[in-house]
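Asker: What follows is each chain in one-letter form.
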Amino acid sequence: MKFLLKKIPRFVLVLVALMIFGLIRAPFEERVRDEMIEAKLLLPPPAQDTIENLSQSALMATLGGLRSLAALYLSLGAFEHFSNKDWDELRNSYLIITSMEPRDETHWVSVVWHLGINAAANMEIDRNLPMFERKRRFNEYVTEAVALAEKGIAQIPDSAAIRVQLAEVYREKLKDPCATAQTYKDMVGLPGAPGYAIRFYGYFLADCPGKEQEAYDHLMSLYQVEKHRKKGTLPIKIRELEEKLKIPQSERIPPDPRSRRTPSENGKTVLPGGIELR
Amino acid sequence: MSKESAEKEERIAPADRKVPLFSLGRAWIIARGTVTQLIRMKTLYFLLAFALIIVAFGNFSLGGTAAKELSTIKRACFGAMDSFAWMFAIISTALLIPRDQEDRTLYTILSKPVRRMEYLVGKLIGVLVVIGVFLALMFVVTSMILIARQSSFIGDELSAMDQNSRMSQEQRIAQIEFIQRQGFRFELGISAIASFLKAAVIASVTILLSTFASSSLFTIVISLLVFLIGHFHSLANSFYKYHSGDNIIVQMLLKLVKILIPDFQLYAFSEGIVMGGAVIYPLVWQMGLITVGYLVVFLMLSALIFVDKEF
Amino acid sequence: MSIPAVEVKNLTKVFRTGLYKDYVVAVDNLSFEVKAGEVYGLIGPNGSGKSTTMKVVLGLMAASQGEAKVFGLDSGDIRARHEIGFLPENPYFYKHLTGTETLKFYGKLCGIRGKELKDRIAELLEMVDLENAAKRRLGGYSKGMLQRIGLAQALIQRPRLVILDEPTAGVDPMGSRQIRDLILKLRDDGVTVFLCSHLLEQVQEVCDKVGIIFKGRMRREGPLEELISIEDQTAMTLEHASPELLKSISELVEKDGKARLVETGRPRTTLERLFISIATQKHKASKDE
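Taken in order, these protein sequences are the chains called G, D and H. Take the first sequence: its letter number 277 is residue 452 in my numbering, and every next letter is one higher. Take the second sequence: its letter number 100 is residue 134 in my numbering, and every next letter is one higher. Take the third sequence: its letter number 26 is residue 304 in my numbering, and every next letter is one higher.
Treat the hints with care, since some could be wrong.
As the list claims (entries may be wrong) - Distance condition first, Cα-Cα at most 25 Å in a straight line; then the derived DSS-like pairs of lysine-lysine:
| # | chain 1 | residue 1 | chain 2 | residue 2 |
| --- | --- | --- | --- | --- |
| 1 | H | K287 | H | K347 |
| 2 | H | K413 | D | K76 |
| 3 | D | K76 | G | K182 |
| 4 | G | K360 | G | K310 |
| 5 | G | K326 | G | K360 |
| 6 | G | K419 | G | K360 |
| 7 | H | K413 | H | K393 |
| 8 | H | K396 | H | K373 |
| 9 | H | K536 | H | K525 |
| 10 | G | K260 | G | K182 |
| 11 | H | K396 | D | K343 |
| 12 | H | K373 | D | K76 |
| 13 | H | K347 | D | K343 |
| 14 | H | K493 | H | K287 |
| 15 | H | K393 | H | K421 |
| 16 | H | K287 | D | K343 |
| 17 | H | K313 | H | K463 |
| 18 | G | K360 | G | K386 |
If you are wondering where the hints come from, they were derived from the structure by calculation, not from laboratory data.
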């Protein structure tokens, strides 16, 4: 041993020892890494195309500790873009932020909200732009919001928050009851999903052409459950469907004692949270 | 006593003083000296600056919903804690040993009955104690801010929901729970521990480098480089997997880097926890084990170099 | 015969300067011995190999060839460190520690604890005259004070051998006088002192034995008196001698035929001695006032 220590330069010994240690620890570390990725404590390695397209800022993203700060810095910048209504800049910032922290659902929720609701609403009222341009941009932002929401859902498959935001885009901007209903349906049973999702699925399905019977069956099954029956909108929507589907009187639910105040009088239905349905 | 026996006693005396192969007591004395040194180097100002940053973050109105704000505050604070830990580990470790050498303090220490391994371990323990205490204090400050903000957010949300009579109890609970998930949890402490473990590994790497190096600047630069490369492991790995048919030299090089340089990316589970991931304790223990492995190996190698180093 | 405090035999130290073949011989086949209880001075110009020799004796460096022993133990043996107290040239201890804390730190490293350590610190602070500065941080110490706290540090574990590297370098005459007095006190207490210096006059004042090293080799070595006395000359210093007396002495020398008067005149004090006497008088005067 002493002979070895004398004859071989120390840095060579150090390198050899490091290599042996590296070979011993590598399989152990790989296993721990896989388990952590499975437990969603670590990000999976980026896909090949992502690696090839990594920008400098995204490379920084792999730096532990700095990643959060860099994402935070960009988020603050994005907020600035929002204030200035720089929608394209805002979108670009969020593309980096979401590639840095793809597991943080708040980023996905924010970008869907900004593009799908704020940018779209701004396009509806921005008098500086000609009508045609506004419509084109409206479509662009809303389509991008939907695409980003889907990308986010692919990253965080059990995220209810992204779906809530996506449903809002379908409901408020795209006025697509079928897609809205499907989005609410998808979030039922997910952790953190709002309790109303199961009812909203039925309410919007009721407005989806051709899906009335399915909606009626779903809402009626909810009606059997005490806690849902107390919701004011549920009997209203059921009664609407009873009319549409011409359900025999004997099978209909009892009339609402507050029927004079039913929203059908003014032609609007009010959903929880003060959302009015036309 | 005859002259002969006095002589004999004199001959035996020094050999009689047994010096153990490693004395944790002596390492601890060096560690305590290092702690005092670091604290008197006004490093506490670091902590003060951190507290100010956290308080500032905590009181910022960042826009967005309560849950988003809480999540932002949490990520900023824990990101700052993590950065503090590894930066402090590299800089303080790189400064301490070469400085002792330049100032010749090392001569006086090593001319006492102190083994060189004890000196290295003592320095490392000293740096780690300071980082540990600072992280613990930062964690307490962060937790206090989070708890305070969380309760004020929940109060605001409740009163907003009260005004909106259409909100059902179920919806209220869902909203409050959502906010709480972004706020303080005891598991966040594990995130701080992960930052500590990472700092410990980079500190031991820096010690190894400083036994080779003759200047603090060189040690800091190379340590930072190792730290950076250590974060690109997973990237290099997937690159390697996708390009297995390509240049064999590149592959060998990547493999070599992977086995020579610690994998710091593994410690990013601290971020996973901050983001709301559930703590899996067996994995945390395994990471602790990996860290101990790194510390032991790097210290042994440092000693291998340092034992015969001539001053 | 007792074991020598320091025994250096055929010590050679070679430093590589380039990658392979360039090298410098710092110490070349050096041998000497420091007996227990004596004050040994290794003198030589800067770069002569003094510090290298000292570092080998301390175990901070390994010999390329030959050996160095401290009280019979190989200098690399950690047990030898119990016997050695070391004061490096221009020591910089931890500036953030006070005098007492510094001594406590080194004392603990030597395994001294509790009351024993406390008493030893008090004793040493008194010995090096730093009682009043004990609670001050070393950052505020003068060079002389640093040298004295360094000496106290070297003595903390009551070593039998004290190694001093340029102990008075950069210290004012008052400070170096104090250090020289301390060295003499150590000799009186039976401690072996091995010092390196290029300040020859100071070595002359305290050393029993001197070795002159140049370009890594021992050039002359022996008891101080032997080295500096001129064997065929005799000096005589008279006080209150009248011119008549001096004249008659000159005549006597001339009569002898063999002897020759080489030099007469007034002996001069050194500038250093003059400075010390003035400073001491001033110090006394200010105290009396």
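Asker: Keeping to a limit of 25 Å between CA atoms, is the pair of K360/G and K386/G held or broken?
Answerer: Since the Cα atoms of K360/G and K386/G sit roughly 14 Å apart, the hinted pair holds (cutoff 25 Å).
Asker: Taking 25 Å as the top limit, are the C-alpha atoms of K396/H and K373/H close enough?
Answerer: It holds: about 21 Å lies between the C-alpha atoms, which stays within 25 Å.
Asker: Measure nothing beyond the straight line between the CA atoms of K313/H and K463/H; if it is 25 Å or shorter, mark the hint as holding.
Answerer: 17 Å, holds
Asker: Hey, K393/H versus K421/H, does the alpha-carbon distance stay inside 25 Å?
Answerer: 30 Å, violated
Asker: For the pair we were handed, K287/H and K347/H, check the Cα-Cα distance against 25 Å.
Answerer: With a Cα-Cα distance of about 9 Å, the restraint between K287/H and K347/H holds, given a limit of 25 Å.
Asker: Does the structure keep K260/G and K182/G at a Cα separation of 25 Å or less?
Answerer: 70 Å, violated
Asker: Need the status of pair K347/H, K343/D: alpha-carbon distance at most 25 Å?
Answerer: 19 Å, holds
Asker: Are K373/H and K76/D close enough, with their CA atoms no more than 25 Å apart?
Answerer: OK: K373/H and K76/D at ~13 Å, within 25 Å.
Asker: For a C-alpha distance cap of 25 Å, please report whether K536/H and K525/H respect it.
Answerer: 18 Å, holds
Asker: Hinted pair, alpha-carbon criterion (25 Å max): K287/H, K343/D. Please report holds or violated.
Answerer: 22 Å, holds
Asker: Are the Cα positions of K76/D and K182/G separated by 25 Å at most?
Answerer: Answer violated: K76/D to K182/G is near 45 Å, above 25 Å.
Asker: Check whether the Cα positions of K413/H and K76/D lie no farther apart than 25 Å.
Answerer: 19 Å, holds
Taken one by one, the earlier hints fail for this structure at numbers 3, 4, 10, 11 and 15, listed in ascending order.
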